[in-house]
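Listed below are the residues making up each chain.
Protein chains: 2
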Amino acid sequence: MHKYLPRRCRNIKPFIAMEVLERAQFIERQGKKVLYMCVGEPDIPPHPAVTESLVQALREGKSSYTHSLGIIELREAISEYYLERYKVSISPEQIVVSSGTSPLMLLMFSLILEKGKKFILPNPSYACYPNYVNFLEGKIVDFKLKDKEQNYSEIEKLLDKGVSGLIINSPSNPTGEVLSKKELGYLANLPINIISDEIYHGLTYEGDEETILRYRDDAFVINGFSKAFSMTGFRLGYAIVPKRFVRVVRSLHQNFIICAPTFVQWAGITALKHYKEIIDEAKKIFDSRRRFLLDGLKKIGLGYWGNPKGAFYVLVDMKFLGKSSIDISLMLLERYNLAVTPGIDFGTNAEGYIRLSYATSLENLEKALDIFQRVKKSNNE
Amino acid sequence: MHKYLPRRCRNIKPFIAMEVLERAQFIERQGKKVLYMCVGEPDIPPHPAVTESLVQALREGKSSYTHSLGIIELREAISEYYLERYKVSISPEQIVVSSGTSPLMLLMFSLILEKGKKFILPNPSYACYPNYVNFLEGKIVDFKLKDKEQNYSEIEKLLDKGVSGLIINSPSNPTGEVLSKKELGYLANLPINIISDEIYHGLTYEGDEETILRYRDDAFVINGFSKAFSMTGFRLGYAIVPKRFVRVVRSLHQNFIICAPTFVQWAGITALKHYKEIIDEAKKIFDSRRRFLLDGLKKIGLGYWGNPKGAFYVLVDMKFLGKSSIDISLMLLERYNLAVTPGIDFGTNAEGYIRLSYATSLENLEKALDIFQRVKKSNNE
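Protein sequences appear in the order of chains A and B.
First residue of the first sequence: 1, per my numbering; consecutive thereafter.
First residue of the second sequence: 1, per my numbering; consecutive thereafter.
Rather than coming from a laboratory, the hints here were simulated on the basis of the structure.
Remember, identical chains collapse to one label, so a pair may be satisfied in a single copy or spanning two.
Derived DSS-like pairs (lysine-lysine); straight-line CA-CA distance at most 27 angstroms:
1. Lys62 with Lys283
2. Lys13 with Lys144
3. Lys243 with Lys13
4. Lys161 with Lys182
Put together the whole structure using the sequences plus the hints.
Structure follows, in structure tokens:
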């Protein structure tokens, strides 16, 4: 296989969370009931007003190409949202709307990372980040996070002339940790490009939540509607880019994406109109699940990574099984029909852990905890 | 600016058709009426059953992530469509559904073209092709098409060990020409990778229309719902890839796109159920406009490229004005509020031409012809 492929494609790894999802869907089609805790996907339905505004836009014939950066009405609404929530002023001209955040991430990395140069990725972090670097033929610089204490100040040791940038993600997938103001301020002052993946914003259950743009106006920000707004399958995301990159971002987007779906952009405006209500509701639900899950894990005697205060993930320590995280995930899926994501998907540092997504009902969490108890018990026997 | 940018982004040119559209929309917001003949966008509304099935899918809660290759029901429907229309058998496993064809094009080029290697692009052809090659740091090999006769057999002169692939597009944007069976068979036999961009399929007004897969089963095919199905803003496209590339395509898609919007995928199934009706209707409408426009141009004494038998474009020869095609387009937009695309957007070989899209009413075509007559007359005075 490899001999057919250009170098950039040879190290692209599957996104294992999606692989597990696809395998679980296959098992389900064979008549079994699967407990899904693998994918970062809220089980809360999208707000009815959002759905209805999509229907209305579609019925009004809003299904033509839009401006490649997105309809101005949505970009203005995003600008107002950042002003109201975070007190930062962003021009709608700096915003590019796309079909989810994933293609934008590729564009952002491609604007910063020259082939052969280095990019700092926290370990563990979102499974797809290394693949952006690999595709662009950059070099990954591994920044090993510590489990019980945040060690961002150690990042300075990794900086040298060959480093193009750093990506941060707070609240974090897969650890659920949230950067403090002090940490965010420190990172914003590093003399490199920073991409701040803010896709889990809105889902912070303890303490404040701040955009990097409060500390630095030339950061690249990624955000969207999938997580806090429960709109995964709508595929609606956006990036905020420094002014000097707007012209080239627009060209790249015209060529490689054209524009996000039109009626979905109109639904995005409605989502922002209702943001307080939507986010408050989501926070309340996820926070109660978080407490329930963390309590349950403690009772069983299972450890987990750090201090999960945001997003909807817990990285559970399964090292006691003495198996690889992929083997543990396969065992849980095939034997218990429980779909989870192996820690290794997020970096070597999370090997021996599995990631649980608590974007599922308390009832399901109870079932999952019961499975973990059985796994723990049978291991002790 | 350039010094900030990685090499791959330095030669990315704006997609001028989109630039003209964006400028025209700006003029329109100032209260003027613009005649749009710039973008490849059908003015026919999407079929009501398609719209309604999207609404239904959305109301049924079909808004979660799907399999990264797309829902199996749509991939099966696409497979059946290629079997019924073209008598070719494609496994649903070889199909990847995405948010329009543009991101798929980037993936296809990235699978074939190693950095520094060559890729053959017909000149003129779709404006974005060179940007895929530039982004991947390949070298463009320019294959100059001839105006009145098709000269594909000359392509063999360009083949050498450094050439990775060739892209073809029939019916063609911007010339409207359609490859004959003989030409398609000849091209399919070339000893290089071939991407066949079949996005204008369904819109061939004279003669047959065949997929390259009739002649070669390891070609890369790009197709989608934007053009013949009038679903531009839905952003729904697909690629058919050779079996040995499926695994890597799936990984790339999981990482860089995740999946196409869910409810839009369900609407795609409905579109294929009604394909005969939808395509026949579109063909009838566009063909009558094509005849009207070509007749009108002949009457005015304006020449055009080749033999436009498909898609909805005519490349009109404006060399008599002795101006660059960009200047001509700007003049038509600012003076007559007529939006067209400059030929140079499609390659040096189309300089001096402008591209008209006849995806607009006969009434508008009449107005446009009137403008051309005035331009011609004032030039003669």
